[in-house]
Structures are given as C-alpha cells and as structure tokens.
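Let chain A serve as the given structure and place chain B on it in line with the hints.
There are 2 protein chains.
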Amino acid sequence: MSADIPLGTYLFKRLNQVGIEHIFGVPGDFNLKLLDHVYNVEGLKWVGTCNELNGAYAADGYARESGVPGVIVTTYAVGELSALNGISGANAENVPVIHIVGQSPRFAQDEHVLLHHSPAPHGLRPNDHSDYEKASEPLCCTTEKLWDPKKAPEQIDNLIYKVMQLKEPGTLFVPADMVSLPVSTANLSKKIAPAMPFHPSTDEVAQAILDAFAKAKRPVVLNDLFATRFNMKERTMQILERTGAYGYCTFLGRSSIEETHPQFGGVYNGQVSLKGVSKAIEEDSDFILNIGAHVSDFNSGGMSRTIDDSKLIIVHAFYARVFGKNYDNVFFGHVLDRVLQQLPVKVPAHVDTSKPKVDFPNPELKGKITQLTLPHVISKFLTPGDTLIAETGTFQYGSRCCSLPKDALYFAQYYYSSIGFALPLLSVPPWARLSHPIRTSVSTLLRVTDLP
Amino acid sequence: MSADIPLGTYLFKRLNQVGIEHIFGVPGDFNLKLLDHVYNVEGLKWVGTCNELNGAYAADGYARESGVPGVIVTTYAVGELSALNGISGANAENVPVIHIVGQSPRFAQDEHVLLHHSPAPHGLRPNDHSDYEKASEPLCCTTEKLWDPKKAPEQIDNLIYKVMQLKEPGTLFVPADMVSLPVSTANLSKKIAPAMPFHPSTDEVAQAILDAFAKAKRPVVLNDLFATRFNMKERTMQILERTGAYGYCTFLGRSSIEETHPQFGGVYNGQVSLKGVSKAIEEDSDFILNIGAHVSDFNSGGMSRTIDDSKLIIVHAFYARVFGKNYDNVFFGHVLDRVLQQLPVKVPAHVDTSKPKVDFPNPELKGKITQLTLPHVISKFLTPGDTLIAETGTFQYGSRCCSLPKDALYFAQYYYSSIGFALPLLSVPPWARLSHPIRTSVSTLLRVTDLP
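Protein sequence lines, in the order shown, are assigned to chains A and B. Each number in this note's numbering comes from the position in the first sequence (counting from 1) with 123 added on. Each number in this note's numbering comes from the position in the second sequence (counting from 1) with 123 added on.
Don't read these hints as lab results, they were simulated from the structure. Among the hints, a few may not be true.
Identical copies go unnamed one by one, so any copy, or any two together, can satisfy a pair.
Restricting the straight-line Cα-Cα distance to at most 20 Å, the calculated cross-link-like pairs of lysine to any residue (SDA-like) are [stated by the list, open to error]: (1) K285 <-> P244; (2) K448 <-> H245; (3) K285 <-> R248; (4) K257 <-> E267; (5) K434 <-> D334; (6) K448 <-> L247; (7) K448 <-> R248; (8) K285 <-> G246; (9) K285 <-> L247.
It should be emphasised that the depicted structure is a prediction, and the values quoted were computed from it without experimental measurement.
Only chain A is shown next, with the shape it has when bound in the complex (with noise of 0.2 Å):
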C-alpha cells in the first residue's frame, strides 16, 4: 500500500507527470491553501498574473506553444468568472486548459452560509454556491468537483486525460478544505496517456487517400486548425516529401507544416489569398488532402472556400470526409499513420512539381513602416524557433506575408477572436519553450497597435 499525500500535491504532481512546468493565475481566499502545494513539487514554478482574464489567456497561450495543458489557478466566483472569456476561447479553438477553482469549503457549501463572494440567498430560498459552476460548464468538455478524498485522484486523472485527449479545456472545482486532505498515491505510478479510440473505418479513409495521391497530378496538402494543435506537422511534412505535393495552411493552421520547405505554398484564406494561391488549390489541383479542416470565416476569406468535394479528402481529430461522404470518429493520427505505412517513398513519376506562381509581395522597406510593409519589417526579426503572435486585428491578416524561419510557431485567435488575448502572451513564450533546441534567443518583440 502507498503512503497518502495531500491532495493539493497530488494534483500539481499529476500536472507536472504531463509536463507541464508553469501554473498560471490569481491568488485569493479560496485558493490560497492550495498554492501553497505548487511549491510541493519541484520543478513546477507558479506564474501570477494581473487578472484573471489575462491569466486564462496565458495558459491558452502556454498550451499553444508547449503542446501540454496551459493550467490556471483562480479564486471562487470573483475569480473564476473573470476568466471565463478566456477559457471559452480555448473551448471554441480547441485549446486544451486546466481551469482549477479554489471553491468555498464543503460545510459552507452544505449549509449554504453566506460566505463572501457567493450567490444571493432568494429571500427565505438558501443560496446555492454551486451555481457559479453552471456558468463554466457550458464552456469547457468536462468538469469535475472533488468532494470526497477516496474519490479525488481518479476525478483528477480523468479531467487531465480527457482535456489532453481532445484538446478542450476543462474544469476542476476544489473546495477550499479538501486541499489538506491526505490522498491515496497509488495512481501516480500509472502514466496519464491520452489516446483517441482507434476506429475500423481508418483504413478505408488511409487507402482512400493513398489512391487518390497515385493517381493525382497536382496533389495539394492543406493545413488547418486541427492539424496544429494535434501537431500533424511530422507527417505533414513526411507526405509533401513523398507525394510531391505542394503543402498550403490556412491561418489558424500555421505551425502545423514547414514553412521553410520548398513545398511550401502559402496561407490559403479562401478569395483572400495572396494572388495564385487559391488558384493552386481551388483551380489547378486535382486533389486535395485537407487536414484539420476549420471553414470558420476569418479563417476561409470569409467563407469564400471554394474546394469541391468531388477531390477533397478531409481528415480531422473527429472525422473525416471522403469525396463527400462522412466517417464519424475517425482520427486523422490514425488515418496518417497508415498512409504513410504504405505511401511510396519515392515521389511517383506522373506527378507536376513545378512551383505554383504566387505573388507573394516585395515592397521597398524604406521610410515609415505601414500595415503594407509591416509584416516583412517583422520577417526580419525573427529567428529560428520564434514564437509570433499575432493581436486580433489588421495584422493578423497582413501575417500571411511574415515568412517564418524554422521550426518557428505562429499563432492568433482567428475564430474567437477575442481583442486582448495577444498581449497577457507575451510573458509565455520564453517560459514555455525555454529549453526549445533551435531557440536561439528569448526575447520579446511587442507589436499591439494598428498601423495606416
């Protein structure tokens, strides 16, 4: 039998099993106990920040950049509440967060006190201090509220697992008297190891894909959402090289392919596009593999996507969609693999690799810096391993002419597209990617405002 711990170690120890070094967030009155169990575990480091709303904006960033749960750490309702925008931007672009509220403590959940910063009783009605979490639950995949000791580390396993596996946020209501409670260890020898559900219909999905690149001409690789925050970029890369196809992202897919490779196209954002791109992908191409799809509108050029089903090939972390026709619960990680078991390691001899034209701009970058030249000033410093971020706003869209160097991640809220997020982010990066192998530098180049 193992010896217990307290179950506010028990949480960090798990967070930190996953990798995740740095806790984001606002101390108050019903968190307090529990912070003090971040410094339980060593290599662990708390982050606090100015409010909870940039807190939870962080640890979305955080998420991002280290591809493990950005985890923030705030207070009953007062605290909780603030954050919720951020936490809902992590939901709508598939960010996987960890949401830990310190709660009021059990009894006066049970007797309904009228503790500072709960619900109004309703005249003679009690109070109920759990209605705060009805406002949570609609944002994230799953929350969990630990009550009982006996229960709490299996609750705990079960939200990391799941937000990991899907990449949404989820939520974990302690009550402020369970932090000292001493729980079982027994679970922290087991690895947390989220997989999707292998389902039979992968290898009809693969050996779809694996016809259509024998036989295609102009095969087109397309990036999206998905393919980035399931980091699909190794087997992006892995079949642009064997097909020789041309590899193209939307904006929400950058960092999910190379784009330093000769293969790559450009960002697609439907009519928007820099000039021959959607030409590449919409007109000459004879088949398309989409991975990750997202047709959100400032992600499509305003929904002006025009690429027809009779010669695309969507796969995703849910489904994938076959000429047309659906398979619910697919998994592209799944699907890729098996393609890339059986794809021809040499490039097939039919295929045209000439480089698709694009007028990829080249202004003079002389005098004053306009929204014109902006993004290729920004070009210029940026160095392998660079994280870019991008405010929502005019430069998000000028982004899509920010050549990025190597193993470089960029990244903007384009479907939530909440004004704010950019900035509380810029205190992640160098955090969270310290030890990154290429980073050759980590510092901070700040741009917020709009330019004419």
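Just chain B now, with coordinates in the frame of chain A:
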C-alpha cells in the same frame, strides 16, 4: 394603430423612460448597429468603458448611485463573458443591472455558421450559438432572447420590470439582425412601474412592529443591504423620529439612514463594531427592527452578530421574520407604510432616549496618513450629497469611522467582494447624479492602495 419604430430605438426609449440616462459598454461586431440607436433617444448618453468587466462594474455603480438600473451593452461571447463577474456581483448584492448582449444574427444561429466568436463544432456535430447564454443564466434573475419582432416589445418590458422589481440583473440577448426591424410603439404609452405584490400577512407583521414599539424602552432600528437597495431611507427616518429609537446600519446598510441625524448610532458589524455599538444593539436594546437583513460574513463581523430572536423583527424585500416566525413574500415597503399610517407621531414617554455611549476614535491628524487616520482624513473632504466608494480591502472596515455628510452615499462590495470593483466606478457618480439637488461638487477623490 401606432407607427412602428426600429427595435433598437424601442429598447433605448424604454430604458430612458424608467430614468436611465447613461448606457455603458464596449462596442463589438455584433452590437455596433444596436449602439447606433442610443443616439436616436434624446437624453441618453453612451459611456464607453475600457473593457467589459469595468463596464459591468460601472453599470452596477450607476444603479447603486441613481436607483435606476445600470445598463451595459456587450458583444457576443468575447464581450458578454468578460462582463460576467460584474453581473454576478450585481446578482449577489441585488443590484438592478441590465446586460444587453448583441448576438450573432438569427440566420447564423439557425445554420450553425462558424462565425468568429461562436463556439466550436464537435467534429461532425454543428456548433450551438446559444451555448454562451447558459453561462449568464445562473447569474441573473431573468433572461430574454429577442427573436420575433412581434414579441420583442413585451419581452423588453418584462425584463425591465423584473430587474427593477427584484433589484437583480437581467440579460437581454439581441441578435444583430433584429436591431433595425420595425416593432410596435403601442406599449410606449404604458408606464413600466414595477411593484411588489401585496401580501395578506402585511398587516399582521405591521401590527407586531407597532405593538413592539409601543412597549419598548430601548428600541433600535438596524438597517441592512435591502434597506439601501429598496430605498427605505425616508421610512426609516420617520420611524426613528416617531419612536425615539436609535438607528444603526451594517456596512451594506449605509446610505439607507441619515448619518447626520442625532439618532444615528453608528455602524454595526457584530463583535467587530466600535466599542459600544454592539452592546447598544445586542445587550441594551429591548426591541430591534431589522430592515433588510443580510447576515453575510464580512457584513456581520465574521458571523459574530448575536441578536436574540425574542426581541427581533426582520422586515425585508422578500420576507419578514417576527420573533422567530417567518412570513414569506411580505414586502417591507408595504409593512413600513402600514406601520407609519398608525404609528403615533410623538415618542412615547417611557422610551429612554439617552444617547448610547460609543467610543468613536478621534486620532490626531498630524503627520503621515495611516490606516488609523485615513477614514478621518477622508471625512474632511466629503461634502453633502457626495458618494464615497471603497475598494474591496482594508479600508472598507476603517470606513466605519468615516462621518458621512448629509445625503451622502457610501458603498462597497462587502458581500461579493470582487477586488477591482471600485476603480471603474469613479467615473460614474458625476454622471449618475449630476443633477442631484444637494451635490456641491463633482470632483473625484481616488484612493486605491492600502496603507501601512
């Protein structure tokens, strides 16, 4: 038959009719057209706030200051969710706030379009634009979603009525495409005049109060949150004058009693009151009329209020409690009106009207300002009709030593206690009570930081 006007204009006309002169909020894609209609209503002004949380706080402060609902307009998702903590605070402390959310247009909701700000689809399952509404529902007394222009005027009127009646927030969801649709003006001639239903037990409660005052030698009136919110001040002062009772208030009951009146006894906070106050109430009194009780931790000296049921009558907006016996749904406005109809004008001869001894500190105000001297220093700046707002923190408690001048307002979030509440309110009072007859200045004196 009356002519139609655009729905947006109807909404703002109705708000203006109940006395609202300022609309707070932040523009966003889905409320821009709605905001244009603010300018169609003479006497209505737009007050942009730097973010939605501050906007919600400002609307809350506007309501506390003016007595009419505070209004905040936000945009779909990113705006509405950022405001939730402020709405929740209004809900916890019974402040009438109307949260108007400009939503995605109806066709986009019907067709589950992946419009920016909207929720994620789940694989092949479409998104649901109404997910975010579920986050607001537990945090307000009522929500209305406008969808049919024929029903919209009634829905708007009902929401305003309920918010004003219960002094709780309500949320109005307005799809962006609804704003310009013509609606009937028929209701505009009907006044929205919220009232609480008259309960048949009203007379029984009133009689118990009359009997108790007739016998009591040391009667006390103790005002609390609901006395402030439902404006029981005039009734309270009449009762003090006719009964000879001394009047006290909790922190949340301030502004519901005239503190310059010779029968004002001080601020009661359980065992943490100034020396003499709790003795006068808990020990020396033989009858306590508690108007609008709200026994929450910070408002009762950490639940140290000790008042025996045998000498206590509570009247409240939503119930009464007479020597331990509860009466549901009895409204204190009706009760106190009945009491005043029958209460003798002259103080009974047997009442001991000698002033209870309270140790009110009188520190020397030389040298550095300290936590001890600050309330006294602040008091010197206050002029009649002023509004004093304390941030959640230490000064809240020191403020019991602030002497409020005639007709002053004082408030702070003693129950919900969201740190950050006070600052955004500093811009509110000059607007909300510009025309106040007794106000002599509209300057703002700011104090946010804590002192040693």
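Kindly indicate which numbered hints from before are broken by the structure, ordering the numbers from low to high. none
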